[in-house]
Amino acid sequence: MNSMMKARVLTVVMLLLGILMVVGSTMSIFSTSVFPFDGLAGTDASVAGVAFGVGIAVASFNPERHVTWVRAAILYAGLVIVYRVIFGLFWGTWGQPAPLVLAIIFGLALIFLYPRRSELMPSAGMMSDSPVKSVPAH
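Numbered by the numbering used here, the letters in the sequence shown go through residues 8 to 145 in order.
Keep in mind that the hints were calculated from the coordinates and are not lab data. Each hint can be trusted.
Restraint ranges, calculated between C-beta atoms of paired labels, are given here:
1) I36 x F119: 29 to 37 angstroms
2) M12 x V41: 43 to 51 angstroms
3) V74 x T100: 28 to 36 angstroms
4) N9 x G99: 42 to 50 angstroms
Computed from a predicted structure; not experimentally measured. Positions of the beta carbon are idealized from the N, C-alpha and C atoms, including for glycine.
Full structure from sequences and hints, please.
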């Protein structure tokens, strides 16, 4: 697959993931309004999911410029996999298979489609306290 095609598919994958997160988080508003356990911690998980989904969807139009959103989406996919496997193995509550399957598919797609995979893992230079160099817009 050439680089132009990979870039387009990466955009579609991120946009679709963002849309699914917005839809899923919006659908969970009912359950969190009936059992507002997230509010006990001073948060609203449904709104957080919508905000995260919108961020991923917006970043999908230029993923190379928004590598942090790509990293966050990969982290989300990894956490879903770990969460589902732990709860499935130790508590026997596998739940719906769709989140686990989609997390595997989207996580792998983001990793393999991102053009500069070395940027997906933050380097030591990225963690320094030195001033950030501005990057000119393309």
